[in-house]
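From first to last, the protein sequence lines stand for chains V and C. Residue numbering for the first sequence follows my numbering, beginning at 1 and increasing consecutively. Residue numbering for the second sequence follows my numbering, beginning at 440 and increasing consecutively.
If you are wondering where the hints come from, they were derived from the structure by calculation, not from laboratory data. Quick caveat: nothing in here was measured; it's all calculated off a predicted structure. Backbone N, C-alpha and C fix where the C-beta goes; we use that ideal spot for every residue, glycine too. Wrong hints could be hidden among the right ones.
Coverage of chain C stretches by chain V, computed from C-beta distances (three or more under 8 angstroms per stretch; other residues unrestricted) [what the hints assert, rightly or not]:
1) 559 to 573
2) 592 to 603
3) 611 to 623
4) 629 to 636
5) 658 to 665
6) 737 to 751
Cut-off 20 angstroms, straight-line C-alpha distance, at most; resulting in silico cross-link-like pairs (SDA-like, lysine to any residue) [as the list claims (entries may be wrong)]:
7) K658/C with M115/V
8) K658/C with I39/V
9) K571/C with P376/V
10) K168/V with R413/V
11) K750/C with H372/V
Here is what each chain is made of, one letter per residue.
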Amino acid sequence: MKSNDKLLKDLAPKKFGKLGVIWTSLLIVIIIAGVIAYIDQLIKGQIVTNMRDYALWGIYISNFVFFVATSFVGSVTVAILRLTKNTWRTPVVRIAEIIALAAIVMAGITIMIDMARPDRLLNLFIHARIQSPITWDVIIIPTYITLSFLLLYFPLLPDLAILKEYYKKDKPTLSKWYGKLSLNWKGSKVQKSIQTKSIQIIALMIIPVGLILQTIDAWLFSTTYRIGWDSTNLGPYFIAGAFVAGIGALVTIVYIIRRAYKLEDYITEFHFDKLGKLLVLACLTYLYFNINEYLIPAFTATEDEATHLNTLFTGHYAPLFWFVTIGGLIIPIIVLLFKKGRKPLPMFIIGLIVVVASWWKRYLIVTPTLLHPFLPIQGVPESWHHYFPSVHEWLITSATLAMALLIITILVRYLPIIPIQRTADEQEELLKTTKNAEQ
Amino acid sequence: MKNNNKNSRRKFLDKGVKFSLAAVVGGIGLSNIASKLNAKPAKGSEGKIELMTTDGTLVEVDSTEVQEINHPPKEDSNKYNVREGFPNRKFVMVVDLAKCKNALKCQQACNKGHYITGDNAWLKVYKMQESKETAPYWMPTQCQHCDQPACVTVCPVDATFKRRDGIVLIDNERCIGCRFCMAACPYSTRVFNWKEPDQGEITLGAEYSPDYAGFPSVKGTVDKCDFCPHQIVKNELPFCVTACPNGVFYFGDKYEDTVTNGEVTLRLKKLLEDKAGYRLMEGLGTEPSVYYLPPVDRLVDFKEGLDKYKKFQSTEKS
Numbered sequence: 001m002k003s004n005d006k007l008l009k010d011l012a013p014k015k016f017g018k019l020g021v022i023w024t025s026l027l028i029v030i031i032i033a034g035v036i037a038y039i040d041q042l043i044k045g046q047i048v049t050n051m052r053d054y055a056l057w058g059i060y061i062s063n064f065v066f067f068v069a070t071s072f073v074g075s076v077t078v079a080i081l082r083l084t085k086n087t088w089r090t091p092v093v094r095i096a097e098i099i100a101l102a103a104i105v106m107a108g109i110t111i112m113i114d115m116a117r118p119d120r121l122l123n124l125f126i127h128a129r130i131q132s133p134i135t136w137d138v139i140i141i142p143t144y145i146t147l148s149f150l151l152l153y154f155p156l157l158p159d160l161a162i163l164k165e166y167y168k169k170d171k172p173t174l175s176k177w178y179g180k181l182s183l184n185w186k187g188s189k190v191q192k193s194i195q196t197k198s199i200q201i202i203a204l205m206i207i208p209v210g211l212i213l214q215t216i217d218a219w220l221f222s223t224t225y226r227i228g229w230d231s232t233n234l235g236p237y238f239i240a241g242a243f244v245a246g247i248g249a250l251v252t253i254v255y256i257i258r259r260a261y262k263l264e265d266y267i268t269e270f271h272f273d274k275l276g277k278l279l280v281l282a283c284l285t286y287l288y289f290n291i292n293e294y295l296i297p298a299f300t301a302t303e304d305e306a307t308h309l310n311t312l313f314t315g316h317y318a319p320l321f322w323f324v325t326i327g328g329l330i331i332p333i334i335v336l337l338f339k340k341g342r343k344p345l346p347m348f349i350i351g352l353i354v355v356v357a358s359w360w361k362r363y364l365i366v367t368p369t370l371l372h373p374f375l376p377i378q379g380v381p382e383s384w385h386h387y388f389p390s391v392h393e394w395l396i397t398s399a400t401l402a403m404a405l406l407i408i409t410i411l412v413r414y415l416p417i418i419p420i421q422r423t424a425d426e427q428e429e430l431l432k433t434t435k436n437a438e439q
Numbered sequence: 440m441k442n443n444n445k446n447s448r449r450k451f452l453d454k455g456v457k458f459s460l461a462a463v464v465g466g467i468g469l470s471n472i473a474s475k476l477n478a479k480p481a482k483g484s485e486g487k488i489e490l491m492t493t494d495g496t497l498v499e500v501d502s503t504e505v506q507e508i509n510h511p512p513k514e515d516s517n518k519y520n521v522r523e524g525f526p527n528r529k530f531v532m533v534v535d536l537a538k539c540k541n542a543l544k545c546q547q548a549c550n551k552g553h554y555i556t557g558d559n560a561w562l563k564v565y566k567m568q569e570s571k572e573t574a575p576y577w578m579p580t581q582c583q584h585c586d587q588p589a590c591v592t593v594c595p596v597d598a599t600f601k602r603r604d605g606i607v608l609i610d611n612e613r614c615i616g617c618r619f620c621m622a623a624c625p626y627s628t629r630v631f632n633w634k635e636p637d638q639g640e641i642t643l644g645a646e647y648s649p650d651y652a653g654f655p656s657v658k659g660t661v662d663k664c665d666f667c668p669h670q671i672v673k674n675e676l677p678f679c680v681t682a683c684p685n686g687v688f689y690f691g692d693k694y695e696d697t698v699t700n701g702e703v704t705l706r707l708k709k710l711l712e713d714k715a716g717y718r719l720m721e722g723l724g725t726e727p728s729v730y731y732l733p734p735v736d737r738l739v740d741f742k743e744g745l746d747k748y749k750k751f752q753s754t755e756k757s
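Okay, chain V solo, but in the shape it has when bound (with noise of 0.2 angstroms):
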C-alpha cells in the first residue's frame, strides 16, 4: 500500500527535465513563427494563403473543425463516464479535461484567424443574426469554453488545497498561488457536497452542449448547397469523428504523460486496455457513419455527387482519403480488437495515427466540396483550380497546434495530472474492502 506521502512525491506536478525543456522551447519557436506569419496576414490580406474565390476555405477552417472534434474527449470521457460510474476513468479524466479545454480554447482563436476582418469581431454581437450557423457556433463555443473549465477546475479544489502545504516550505510563493485558485478548500462536509453537486450539474450540461457543439459544426457545412456537404448525415457523422479524434488524442498524451512522468503504477495496462475498447468503439461508429456517407451515395449518386465521390475513391485526393479511411479506422478496429493491440505502446502508435488521420479527415471534408461548385470553374486563373496551404498558412495553423500543445505542456506541468485526492479516496477504499473482506 503506497501511503500519501508516497502519492504525493509521486504525483505532485515535478520540474521539467532538459527534454521538457527543449520541448516548450521548440512549441515557444513554433508560435512565434506562427504570430509573424499572421502579422503578415494581417497586412497584406488573406492574398498570402492560397485560398481564393473558389477554394473559398482552407486548412484553417479543417484545423478549426479538427480542434472542435478533438474538444469533444471532454464530455465523452469525463462526463459519460462520470455518469455511467466508470470508476477506471480516475487517472485519465483530467488529462482530457485539458486535453478539451486546450483544443477548444485554440478552436475559437483558429475560426477568428479565418476572418479576413477580425478588427470587425464585434459585429458578430453588434449585428448578430440568430438564423447563421455562424451565430450558434459564438454561442455554443464560449458555453463550451466555460463548461470544460469548470470541469476541469471543480475537481482540481482539493487537489490544489493539498498541493498549498505541500509546497509550503520549499516554494512559498508557489504554495500562495495554489491556496488562492483552491478557493479556500478545507473539505468539510458543506464543501464537499457543493462540489460534488455542481460537477455532478456540470457533466450532466457538457454532454449536450457537447454533442450541439459538434453538430453546429456540422451544420457550418451542411446548411449550403453545396455537394459533400449538404447532408442530412453530417450531424451524427461529426459527432462520432470527434468522438474518434478525442479519444485518439488522449491515447497519445497519456501515453506521453506516462513515460515522461513515469506514472507506470497509476496509468496501467488496464487503463490501455479501457481506453482501447473505447476507442474501437469509437471508430466503429464512425466507420459506420462513414459508410453512410460515402458508400450508399455511391449507388444513387447524381452525377455532379459521382465527380466528387471519383476525385476521393480513385481521383486526386484518393492517396489522403485511403490514408484516412484504412489508416485512421479500419486498421485501428483491427489492432484494437485484440487484447495485445491495447498494450500500451501500440495503442500510442494508432492513437498518433489517428490523431493525424483526424486532422487530414476534415482537410478531405472542406476542400474538394469547395472545388467542385455546380457551375463549371472558368474564367480564373488555373491556380485556382486546384489548393493546397501556402507558407502562411502551414505557419500558422502550426501555431495554433503548437499553442494547443503549449496549454497542454503548461497545464500539466502545475496541475496534478492524475487526481491525488480521488486516488487517496479510492485507495483507502480498497482498503477498506480488503480488510473487511478478511475479517
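Start from chain V and add chain C according to the hints.
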C-alpha cells in the same frame, strides 16, 4: 411578389404605424374643427366654406374658422433607402442565350464600371454544354438576386441583405470576411477581396454606399454584381445591358411587366411564355430574379465566340 417574410412583416409594421399616425393627426384636426363649430363666431363672418368630414358628410364652416393643419412630414416609404430599395419596384433581368456569342462587352463594361481589379469578374460568360450530343452555348451569369437568397440566410452580421425591390446587396463596411455567403451561393457569383484592391485614385474620394459595389472595394470583404442601382437611380440601364452589342440582356420591373434591352421593350410575362424562359437551378428553390431564354434558333454562331474565350481569365489585368 414573393418577398421574404421579414420584409412583409416590416411593411406591415410600417403601414400600421402610418395608419395610427394619420388617425391621431386626423382626430386632433377634427376635434379642433368641431370645437370651433360649436363656438359662436367671434367676429363678423366672411362667408362659408364647404368641407367634407372623414365619414363623407358635408359641413359648412365659416371661412375664418378654417385653419391649415400642419401635415406630418411625408412618410419615408416613398423615399429611397439603401437597405429597403426603391419602393414598389421589383427588378428582374432576362438573358437571351439565343443571342449571346461571347462578345464579352458586358464583362468589360461591368469590370470598368465597378472598378474591378481582382482576377475574377462579377459577370462571367460560361462556355456550356449539357452533354456531348447537345449543342454548346454561351451563358452569361452574374448575381441572380434570388428571392430566397442562400447567402443572406447564412450571413452572421446582416452584411448581405435582400431589399424590397429584389436586389441583394453587400454592406462592405459591416462584412467580417467569413466567406460563408460564398460557400452558400450555388451560382459561384461572389468574389472576395483577398488583398487591398488596387483601384488607384479612381475610387479614392468615393463615399461608400452598398448600392454601388466596387466604388470602392474593401479589403477582406465580399463583392458581387449589384444590379446597378446607381444606374437605375439615374434612369439608366445596368452597364452590361447597355454594353451588349447583341441585345442579350433585358432589364426591367416585374410589377410593370416590362423589360428592355435598350432597343426593344417587351412584356416580361409574354416573353417568358413565348420563349419558354427558365431560371438557373430552379430545383434549389432559390427563386432567382434572373431569367434565361434557351439557346434555340440561334442567329449567331457559337464558334465565333471561341476566339474571345479565355479559360483562365475574366478581367483585363491578369
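Q.
Can you tell me if the region 611 to 623 of chain C counts as covered by chain V, using C-beta to C-beta distances under 8 angstroms and a minimum of three residues?
A. Since three or more residues must qualify, the claim that chain V covers the region 611 to 623 of chain C holds, with 10 doing so at under 8 angstroms.
Q) For the region 629 to 636 of chain C, do three or more residues have a beta carbon lying closer than 8 angstroms to a beta carbon of chain V? A) holds (count 7)
Q: Take a quick look at whether K750/C and H372/V sit within 20 angstroms of each other, Cα to Cα.
A: Judged against 20 angstroms, a Cα distance of about 16 angstroms means the pair holds.
Q. Straight-line Cα separation of K571/C and P376/V no greater than 20 angstroms?
A. OK: K571/C and P376/V at ~16 angstroms, within 20 angstroms.
Q | Pair hint outcome, K658/C versus I39/V [Cα-Cα no greater than 20 angstroms] | A | Between K658/C and I39/V the Cα gap is close to 16 angstroms, so the pair holds against 20 angstroms.
(Q) Verify this for me: three or more residues of the region 737 to 751 of chain C with a beta carbon less than 8 angstroms from a beta carbon of chain V. (A) Our answer is that it holds, as 3 residues pass the Cβ test (under 8 angstroms) against chain V, meeting three.
Q | chain V over the region 592 to 603 of chain C, status - at least 3 residues with CB closer than 8 angstroms | A | holds (count 7)
**Q.** Whether chain V covers the region 658 to 665 of chain C (at least 3 residues having a Cβ closer than 8 angstroms to its Cβ atoms)
**A.** holds (count 3)
Q: State whether the coverage of the region 559 to 573 of chain C by chain V holds or is violated, taking the criterion as 3 or more residues with Cβ-Cβ distances under 8 angstroms.
A: holds (count 7)
**Q.** Hinted pair K658/C and M115/V, Cα distance within 20 angstroms
**A.** Holds: K658/C and M115/V sit about 12 angstroms apart, inside 20 angstroms.
(Q) Holds or violated: K168/V and R413/V, Cα atoms, limit 20 angstroms. (A) holds (18 angstroms)
Every hint, counting from the list given before, is met by this structure.
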